[in-house]
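Novice: Chain by chain, the residues:
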Amino acid sequence: MIKIYYFGFLKEILSIEEEQIEWSEGNSETLLTLLRSRSSFWAESLSEQNIFRIAINKKIIYQTTPIIPGDEVAILPPVTGG
Amino acid sequence: MFWVKIQKASFDDEIPKLDQQIQQNNCGALVSFKGIVRGYDEQEPLSYLYLEHFPEVTEQEIKRILQGAQEYWTIHSAIVIHRIGKLNVGENIVLVMVSASHRKAAFEASQFIMDYLKTEAPFWKKEFFQDGTSRWVKAKETDIEQKKRWQVS
Numbered sequence: 001m002i003k004i005y006y007f008g009f010l011k012e013i014l015s016i017e018e019e020q021i022e023w024s025e026g027n028s029e030t031l032l033t034l035l036r037s038r039s040s041f042w043a044e045s046l047s048e049q050n051i052f053r054i055a056i057n058k059k060i061i062y063q064t065t066p067i068i069p070g071d072e073v074a075i076l077p078p079v080t081g082g
Numbered sequence: 001m002f003w004v005k006i007q008k009a010s011f012d013d014e015i016p017k018l019d020q021q022i023q024q025n026n027c028g029a030l031v032s033f034k035g036i037v038r039g040y041d042e043q044e045p046l047s048y049l050y051l052e053h054f055p056e057v058t059e060q061e062i063k064r065i066l067q068g069a070q071e072y073w074t075i076h077s078a079i080v081i082h083r084i085g086k087l088n089v090g091e092n093i094v095l096v097m098v099s100a101s102h103r104k105a106a107f108e109a110s111q112f113i114m115d116y117l118k119t120e121a122p123f124w125k126k127e128f129f130q131d132g133t134s135r136w137v138k139a140k141e142t143d144i145e146q147k148k149r150w151q152v153s
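Going down the list, the protein sequences come from chains A and B.
The C-terminal position of the first sequence is numbered 82 in full-length UniProt numbering, with every residue numbered one higher than the one before it.
The C-terminal position of the second sequence is numbered 153 in full-length UniProt numbering, with every residue numbered one higher than the one before it.
Next comes chain A alone, as it looks inside the complex (with noise of 0.2 angstroms):
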């Protein structure tokens, strides 16, 4: 099992804050594609536009990174601060 959090837009688009799905092993671009295979409206929203990064265990990553089952994933949408 993984937990992926969903952030801003996001969270609210597709009505979820956080879930639980099954994993055993992958990469945050295998758990994307498994994501976006859910529907067409998944694949639009989690389309390469609206995702601005995404965090393992609390730590942004910049290039695809293994998952491991008991990780904490988070999906940020772009970000608009200050």
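Just to be clear, a hint being listed does not mean it is correct.
[Claimed, not checked] Calculated lysine-lysine pairs in the DSBU-like style (CA-CA distance at most 35 angstroms, straight line):
#, chain 1, residue 1, chain 2, residue 2
1, B, K126, B, K8
2, B, K104, A, K3
3, B, K126, A, K59
4, B, K86, B, K63
5, B, K140, A, K58
6, B, K147, A, K11
7, A, K59, B, K86
8, B, K147, A, K3
9, B, K104, A, K11
10, B, K126, B, K86
To be clear, the hints were calculated from the coordinates, so they are not data collected in a lab.
Just so it is clear, the structure is predicted and the values come from calculations on it, not from any experiment.
Based on these hints, arrange chain B on the given structure of chain A.
Specialist: Same frame as chain A, now just chain B:
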């Protein structure tokens, strides 16, 4: 002195004390920037903003931005206070204070910090308008262009 604080409360009362603290190292220049919630977005009158962040990660990312500023300019101190939650029009939203020996470093480092806060720090703003509608603010191309002038990743 380099630190980051994220809070719900206003920071106006903290400014005089911070102003003193940040000058203790005999600086020659102190730049402070305060961002305020504007009363409109384009033509639409705003009622309030709601700001969400990613606890711990947002702090880490802002510290990384401050480290970036230290790598490019000789600065004595840099502090950031950023507010979250519900913020009414006219309320303060962000404070950046930078002290240095010389004004150029203080000015440029504070601009660098703001440009990176806008585009790299995990904050998400939702606008609530006076007509009862609301929407999440989209990342602005102009902010991304502003950041590019520093030519660092």
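Novice: State for each hint whether it applies.
Specialist: Tested hints:
1. B/K126 - B/K8: 15 angstroms, holds
2. B/K104 - A/K3: 46 angstroms, violated
3. B/K126 - A/K59: Holds, at roughly 24 angstroms.
4. B/K86 - B/K63: 24 angstroms, holds
5. B/K140 - A/K58: Cα-Cα ~25 angstroms, so holds.
6. B/K147 - A/K11: Given that 35 angstroms is the threshold and the Cα spacing comes to 27 angstroms, the pair holds.
7. A/K59 - B/K86: Within the cut-off at roughly 26 angstroms; holds.
8. B/K147 - A/K3: Judged against 35 angstroms, a Cα distance of about 33 angstroms means the pair holds.
9. B/K104 - A/K11: 41 angstroms, violated
10. B/K126 - B/K86: 9 angstroms, holds
Violated hints, in rising order: 2 and 9; the structure is consistent with all others.
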